[in-house]
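So the sequence lines, in the order shown, correspond to chains A and B. Counting from 1, position 4 in the first sequence corresponds to residue 4 in my numbering; the numbering is continuous, with no gaps. Counting from 1, position 269 in the second sequence corresponds to residue 269 in my numbering; the numbering is continuous, with no gaps.
To be clear, the hints were calculated from the coordinates, so they are not data collected in a lab. Here the structure is a predicted model, which is why all the values come from computation and not from measurement. Take the hints with a grain of salt, since some may be wrong.
[Claimed, not checked] What the simulated footprint calls covered on chain B by chain A, stretch by stretch (three residues with Cβ under 8 Å from a Cβ of chain A suffice, anywhere in the stretch; the number is not a length): (1) 56-64; (2) 231-244; (3) 251-265; (4) 532-541.
Idealized CB from N, CA, C, for every residue including glycine.
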Amino acid sequence: MTVPVDAFLREYACLPEPLGEDAELRALRTAVLIEDVFGVTLSDEQLDPAVLGDPGALRALLAGATTTPG
Amino acid sequence: MCGICGVVTADATPDPSLVAAMMATLSHRGPDGSGYVIDHGAVLGQTRLAIIDTVGGVQPLANEDESLWVVFNGEIFNYLELAEELRDRGHRFRTASDTEVIVHAFEEWGEDAFNRFNGQWAIALWDRTRRRLVLSRDRLGVRPLYYRLTPHGLSFASEVKAIFADPAVPRQLDPAGLREVFTAWSTVAPRTPFAGIAQLPPGHVATWTASGFSSRSYWRAEFPAQGCEPGQDLEENAAGLRERLIRATRLRFERSDVPVGAYLSGGIDSSVTTAVIRNFTDAPLDTFSLRFADADFDEGCYQQLMAQRLGTTHHDVVVSARDIAEVFPDVVYHAESPLLRSAPAPLFLLSRLVRRNGYKVVVTGEGADEVLGGYDIYREARVRAFWARDPASARRGRAAELLYPWMAMNPSQAPAFARSFFGMDLDLADPAMSHRPRWNTTAALQSMLTAGLRAELVATPATDLAAAMPAAAETWDPLARAQWLELATLLPGYILASQGDRMLMANSVEGRFPFLDPDVVAFANALPARHKLFGLEEKFVLKHAFRDLVPEEILRRPKQPYRAPDAASFFSGGTPDWLDDVLSPSALLAAGVFEPRQVAGLVQKARARSRRFGNTDNMRMLAVLSTQLLHQQFIAGNPAGRGGPPPAPVHVFDLRERGTA
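Given the sequences, and given the hints that come with them, work out the whole structure.
This is the structure we're talking about:
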């Protein structure tokens, strides 16, 4: 069963803001979560604070990651 | 809560005075009285800590026609509901105790009775009609139960020292048991540190008759296949967990005829159970906390915050390194195992505080880390899997800093440490990948063993701890597999034993564990892994479920694993009197476990308080000290020698004149 992106993002919103972490570490924190929940492996380019730290970019990434190629 | 013991034989009736001597060694488990039943071929004894039906619940206790007798250590929390059901089925009760429920339930349902119990127990039932002894232990191993098989019978007890009350029993350390401790931090049942002494595994029932002994599992931890968890909604799962935890906590707080207190560690788990007691029951509440003189280990500010918020009557004990060193021999005497940490010692002092304040029952938060994904080992496994998925990544290495913030403050050390420790055994196909670093690091202790002992171990294949995992585990989430390993090894072998039952019962205090309630465990096991460990956020659903009752400061504080000063306790500010005795060349030679030259080097390093004295050295030092104390007290000496008479009043039931049932 794939976790719906909307449900995941609702849960993600419940996470407390990490204290004292730089943007790169925050991105890695999010990447660990995404890979675990969606069973994907992100590329180094995707382990980017600009992607994983931005809600819109994150949603787009997840939508791509959970879409089964037709 | 009590101590139980007994002897059954296929030939002559066991000597009642031997069982009385066994009971005497268990006085600390049951100082309120004792009793034994004598039958042809069986004597069963018990020392009692009176908690439910303090007057009527004297043991041993029988069914209506006295064909079935029980001795029992623990609590059956749903005894009122079971008694009602059993009365409806025609059973007649003489007491208001949970003990009596056991005999009627066993009459009614046989071994299926154990699956109906919500509780924590070690039980021995003597069936006079079928001349059989039935032993049972609760699902997760809260209560201990040891036994020794002989060609003609069996002896059993809550603690090994009671079995050693028989001077004819050989007392030896088991090399294979020591290896298990020096790998997984504890032995894994049925193995124990002592040769010839077994323990009934958690969730098992065993039967002895003159024709043999057999043991089978009546319960085991199960998890759904990854992605097939029945509930996927966080709000619903949080509500379900909250409802079950409130019920489990109330059951453990309210089902007692004596006052019940609560441990308050300053972490989330005990804050949840204490807040539930305060908000969902009416009784006044005393809370008990452990503080450390060393600020690095102290959680006093969080304990105070919670106690003040809840308005409890709060007590604490401040433990110094010296305190740990002084009580450590007693700690080993009660733990009956080598220890790789000093952490049980402060818990021994905490239960003493409880008892001195007139309490003999406490609710505690143990089990939450195992059941709801709270341990660092689970988070480490997530990061290691993250690395293993793309070993060539240039960016993933820094993820180690997410585990331990101190790494970010020591960037020069962090990458090397991460590579050498967390980077070991990155095999995603290994069902025990989560635990390999711990086991491999701990196994380094074995290099200190004597050549003779190591040669002996070469001839005995080591148990593969992961091999016992059910075949279905292949379909589980990796977190579930890691949880299974914790539930099968460290929880019963160390957390509930050396840090749990043994340190509590040493001071005649019973612990109750809401997070280990069977409904809570079954519900938690069925949750999606992400609701337990959301990325690296531990106990995610628990925090969500109780965010209204637990202050933000505690919910958001970095997890602080319970630790105490280890080797430093024994070498800073002088050494304790007993230390030179157990580390003397003659004592090391007598025990034959550790290579004296290696011990000498380790001690020298500890005395110099070397800055290079790291985690493995701490484990080594604790392993040496505790094993030497164990040998001194249990092998060179006999631990049964400490016992006086069994606690009064002593109730004796002699069935020999009544014939067989």
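Evaluation of the provided hints:
Counting residues of the region 56-64 of chain B whose C-beta lies closer than 8 Å to any C-beta of chain A gives 0; at least three are required, and the coverage claim is violated. Proximity of the region 231-244 of chain B to chain A, defined as three or more residues with a beta carbon under 8 Å from a beta carbon of that chain, is established by the 3 residues found. Note: the region 251-265 of chain B has 0 residues with beta-carbon separation from chain A under 8 Å; the three-residue rule is not met and the coverage is violated. Figure legend: the region 532-541 of chain B, annotated as covered by chain A; annotation consistent (5 residues with Cβ-Cβ distances under 8 Å, at least 3 required).
Hint violations for this structure: numbers 1 and 3, all remaining hints satisfied.
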